[in-house]
Structures are given as structure tokens and as C-alpha cells.
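Please work from the sequences and hints to get the whole structure.
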Amino acid sequence: MKTLMIALASATALLASSAMAQEKIKIGAAPYGLNAEFMQIWAAALQDHPAVKSGEVELTVFDGRYDALVQQDQFKTMATQKYNAIIFAPIDVDAGAAAVQTAADAGIPVVGSNTRVNSDLLASYVGSDDTISGYMEAKTVLDKIGCKGNVVILEGPVGQSAQISRLEGNKKALAECPDVKILEDQTANWSRAEAQTLMENWLTAHPKQINGVIGQNDEMALGAIEAIKAAGLDVKSFSIAGIDGITDALHAVKNGEMTSILQDARAQAQGALDLAIFNAKKGDYKPQSDIWVTYKDMPWKDGKEKIYNVPWTPVTAENVDKLLATRK
Amino acid sequence: MSVGNNKNAKGWLGSEQRRLLIQEYGIFFAFLILVAVLSVSNEFFLTAGNISNVLLQTSINGVLAIGMTFVILTRGIDLSVGSVVALAGLVSASFVTTSATAGISGAPYPVVVGLGIGLLVGVACGAVSGVIVSRFSVPAFVATLGMLSAARGLTLIYGGGRPVPALTPAFRWIGTGDVLGIPAPVVILAVVFAVSWWILNRTRFGRYIYAVGGNPHAARTSGINITRIQFVVYVVSGGLAGLAGMLLSARTGSALPQAGIAYELDAIAAVVIGGTSLSGGVGRVTGTLIGALIIGVMNNGLDLMGIQSYYQQVLKGALIVGAVMLDQKRNYGA
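The listed protein sequences derive, respectively, from chains L and C.
Mapping the first sequence onto numbering that gives the first Met the number 0, position 48 (from 1) lands on 47, and the numbers just tick up by one.
Mapping the second sequence onto numbering that gives the first Met the number 0, position 65 (from 1) lands on 64, and the numbers just tick up by one.
These are computed hints drawn from the structure, not numbers from a lab.
Just so you know, these numbers come straight off a predicted model, no measurement behind them.
Built from N, CA and C at the ideal position, the CB exists for glycine as well.
Incorrect hints may have been included.
Stated by the list, open to error - One-sided and incomplete, this derived list gives chain C residues near chain L with beta-carbon spacing under 7 angstroms: (1) 38; (2) 40; (3) 43; (4) 48; (5) 51; (6) 160; (7) 164; (8) 167; (9) 175; (10) 251; (11) 252; (12) 253; (13) 257; (14) 302; (15) 303.
Stated by the list, open to error - Computed cross-link-like contacts, SDA-like style, restricted to lysine to any residue with a CA-CA straight-line distance of at most 25 angstroms: (16) 207(L) - 216(C); (17) 280(L) - 255(L); (18) 147(L) - 206(L); (19) 170(L) - 47(C).
As the list claims (entries may be wrong) - With beta-carbon atoms standing in for the labels, derived distance ranges: (20) 126(C) - 296(L): 55 to 63 angstroms; (21) 224(C) - 325(L): 51 to 59 angstroms; (22) 315(L) - 31(C): 47 to 55 angstroms.
What follows is the structure, encoded as C-alpha cells:
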């Protein structure tokens, strides 16, 4: 009897909620994968958006599982279910175009976020320019070693758009210091463990010669730090930089072991969601996220811009505690 | 390199023993040649620091590969070890972290608690696979493929997808400490190897493993409890994967949910390069150790020479296929 009552009650609740959902704007978010910290912060920021909290928007996050085909199928599902708008962070710059086409055919606006896609059909894109962060991190390393000496570069998976752009930025900064020699330059696939092994071997191959480590993300910079510690060397005698501002890296910055540049996942996510709602409501919308107030350099411009560049924030001894406080 | 002590398991086949001898020394010679080439081509290769590095870098795969040897000797396979590495590494880390947010309540616990939990997680995963394979006769490939997926999912659920940083120095010692100058993971690998060697070569259980893999029907007829043997090898592999997971967390200083991806492939590669037959019953844990060392030395050597990691992958692929071709020739050809 009790079970029956519960079943009845939940059935009623289900009916009620689906009736309510009719009024809501249905927005799907399709990130390339949810295994790493950055995308988790990104997805959590979407759920934290005022429009989602107030119930104005019904948000569903799809895990792309790092597979272009999985993402494409998710777009088909969203088209069938008549979503009002889609937020898209594709795994691949070219493979993502087919998914955007699927949405366009179904008349669903797509807003890009974090990773780029080669498609003119995107309503807008909210992300950060990796060329700039690549330049900034390399510049920090080179400034600290006085524009002379030897550096190594830990690259992301070759061919990924972030690796290509960050390397372009790295090289631009290195070109300004012709006396600096690149001793090694290899991929560690964004992985801390792989970077640790590479750095251990490089420290052996170039004893007392490495002055700077340019890690194209924080994970790899942290792997290099572990290798340096394991070799019994002083981490602070190296100049080490990473990108992204993941929690472990914030702690390392606090300890004075490295520098990092925060890629603001929250701003990329909430900015994209504001634009998605704007497009779903055909322009009848004012942005609700506080990020538009935070970043004066990225004006809303009536939601009409094609590209919104979220500025990079260098993590420093001054702001690190404040950033750590947000990672609870 | 003990070869002659094999009488118990294979003593009835004189020529088999001779073949094993060639097999074992064959892989050992290949290893020596590789070391010789690298020593000549890079001045740093044969330094004490680098030898210590290579052993350190081999330790995790070595531990996994030894567990894998037990399984493969019974004609099985354990595809789940990479995921179990992540799960055990993360769960144990949550007991020994000083981070207020990432740990479970009451953390950090003493290091023995963390180690015990990590081993337990590994053993539990192995036990589940073992029951499914031995009791329900599900092919090992399928059972452990299921565990590969499930254990990775559990890892992400347990930690909410977040890493567990700030492990206690006592726990980190197993990854970064040393015993009389020898890195702790290397000492652990040596102990795992010695115990495994003893089990496989000196105990009745070890002989049964070879018997079950060599000819299951004959083993059953002669009264060996096949179900139990098959169960235990997955427990061994799971437990060692748990140990490897903790070594990895301790070494990197933070347990990552995406750790250990594709580690099963390197472990299987070490076993295969080491001359253990995928059709079961034939193989040596010594060969596995050398197989793991070959992979470690090759990666290290190519890094020292500044050769791109893509070439390392190509070479490793060639080595694996070459080793199995030799194996096929031994079993069916010539």
C-alpha cells in the first residue's frame, strides 16, 4: 500500500514537472568530456547560473566522452527532443562542424564555448585565446631567467587546437629571446605522470642545463616539479610555468614553485549560457551572469558579437588565496 | 636467471625445457643488446642516476605486468588493471590526504590504513572479475572489459571527478622514498618479483597455475580445483594493480581520476615481450620483468636522445608483434 502511494505520488510529481517544463527554455550543453577538473568547473558553473537556479532554464549536460561521434549523436538527440539552444565545446575543431550543421538543420542556435569549431553557423563563441596564454606563460619563464639560458617545452597532444595555439604563443615569446635555447620539446599529452617521466629523463640528459620549463598546461608543469624534487634539485632554482589554474597548481603557485594563468571556466560557461538564452529567446533577453560585470574588457554588445574573448588572469601570490577560496 | 629449476612444471619435456632456455636467454640477450646500444649512443645512459630512473619508471608497469603474468599463464587476460590503478590510487589517497575538501572525514589516517584500503580495493576488483570468470565461465576478456569500464566509473563517482592532492609524506614515501639509496618503488617491485617467482616456481599453487593454463582438462582430471586457481589469479592481479595505483599516486603526489588509462596495454606488452604465451601454460615471471625493463629502457633511451615519443610507440608495437611471432613459431612452426 505504502509503495503504491509513493508510486502514485512520484507519478503525479513527474506529470507536474513535465507540464512545467513546457514553459521552460530547454538548453543542452555538450562538453567534450567531463573527466578533467576544468570541464567539471565549467559544468558546475552552468548549473550555478542565475537563470538555471531560478528555473527559467532547464539545463541538461551531455558528457561527450572525448569522442567526436558521441558528440554528434548527442546533437541528433537534442534535435529530436527540440532543445531551444545548445552550448558546444567540441573535442575537435573540424569534426565538430558536422554536429553544428545537424543543429542548424533543426533550427537550433549553437553557442561555442572553450574549444573552437570550424563553422560559420555558430551564433557566438565564448572562449579564451590560447595564443595569448602561450605567449604569456613563456614570457614569464623567459623574464625570470633574464632572457638567456635553456628551456624545455612540455606540449599537449600534437594537433589539438590548444596545443597548436599555445605552441604558437610559446614560439612568439621565444623569438624575442634569441639567446635562449630550446633543449627539448615533446608532448606529454596533458598528463602529469607522462611529464614527470619525460622531465626525469631530460634532467639526466641535460644535467644542470635546464633553466626553464614551459608546460602547456598545469598538469604537465606539476609533473616536471615532481621530477625536479625527485632528482633532489631545488624547484625554486627553475622557472616553471603552466596554464589553466587548476587547484593543485594554485597550491604550487602559493608555494612559489611555479606560475600559472587562470583560464576562467566559469566565465566561459556562464557567458555561453547567457548567449544561448539570448538566441533561444530571439534577442529578448538581458544577461544575468555577474561575469559581464567582472570582465569590463569583454562587453555584452547586445549579444551580437561573433567572438567573446574571456581575458586570462595570471595567478599571483596576491590573488591566489582568493582563487583557492572559490575551489571548495 | 634460473632456468634449470623448472623440472617440476615442465620436467617431462626435455625439448620443451631446451626451448624455454633459448626463450629466456633470447629475451635477456635482446635486453643486453639494447642496453649496449644505448650505452654507446648516449653518455648519460649508464650513469647511476639514470639507471635508478629507469628502474623507477619501470616499477609501476613491472608490478602490473607480474600480476598480469599470473592471469595470462592460466589462459586469461586482465584488461581492468589501468582502471583499478586509478580507483585504488584515488580511494587510498582520500584516506591519507591533508586536504580538507578532497579527503574523507577524519583524514589523514595513518599510512598503513591508506595502504590497506588501496590493496583491499584492488583485491575486491580482482575478486569480482575472478568470480565472474571462474564461476560464471564468462570469457576473461569480457569480464575484465566490464571491470575496466566499471572501475573507471567508480573512480569518477567516488571523487566527483576531482583529483585528491596533498598526500601525507609517510604515504608519499612509497613513491619517492628510498632504501639505502634504492628508490622505494624499485624495492617494492623487487619484493613483488621475488615472492611471485617463489610462488610460481616453488609452490604447488604455482605448478597448478601452469597446469591449468597448459591443459585445463588434464588439470581437472588430475583433481586440481580449476575454479579456485582461476579465481585467485585475478585476485593477485587486482591486488597488484591496487599496489601500483598507490605507487602512482605517491609518485605524482596527487591521485588523479584519469590516471592509469591504457596501462593494461603496457602490462600485457611486457608479459608478451617477456615470452609468456597468450595461450597459457608457458612463460616465466623473469621474462616479464625483463619485458618491462625493455619497455622502460627503450622509452628512457629514446627520451635521452631526444627522439619523439611517437617513435617509441612504433618501436614498442614492433617489439610486441615480433615477440608473439617468435612465440607462434615456437608453438606451432619450425
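Against the structure, the hints:
1. 38: 13 angstroms, violated
2. 40: Where the cut-off is 7 angstroms and the nearest Cβ of chain L is about 12 angstroms from residue 40(C), the hint is violated.
3. 43: 5 angstroms, holds
4. 48: With a minimum Cβ separation of about 6 angstroms from chain L (threshold 7 angstroms), the hint on residue 48(C) holds.
5. 51: 10 angstroms, violated
6. 160: 5 angstroms, holds
7. 164: 5 angstroms, holds
8. 167: Hint violated; residue 167(C) Cβ to chain L Cβ min 15 angstroms, cut 7 angstroms.
9. 175: Hint on residue 175(C): holds, closest Cβ of chain L at ~6 angstroms, below 7 angstroms.
10. 251: Since chain L brings a Cβ to about 5 angstroms from residue 251(C), closer than 7 angstroms, the hint holds.
11. 252: Since the shortest Cβ distance to chain L is 6 angstroms, the answer is holds.
12. 253: 6 angstroms, holds
13. 257: 5 angstroms, holds
14. 302: The hint holds - residue 302(C) has a Cβ within 7 angstroms of chain L, the shortest such distance being about 4 angstroms.
15. 303: 4 angstroms, holds
16. 207(L) - 216(C): 61 angstroms, violated
17. 280(L) - 255(L): 47 angstroms, violated
18. 147(L) - 206(L): Between residue 147(L) and residue 206(L) the Cα gap is close to 17 angstroms, so the pair holds against 25 angstroms.
19. 170(L) - 47(C): Roughly 35 angstroms separates the two Cα atoms, so the pair is violated.
20. 126(C) - 296(L): 55 to 63 angstroms: 57 angstroms, holds
21. 224(C) - 325(L): 51 to 59 angstroms: Taking Cβ atoms as reference, residue 224(C) and residue 325(L) lie about 57 angstroms apart, which means the hint holds.
22. 315(L) - 31(C): 47 to 55 angstroms: 52 angstroms, holds
Hint compliance for this structure: hints 1, 2, 5, 8, 16, 17, 19 are broken, all remaining hints hold.
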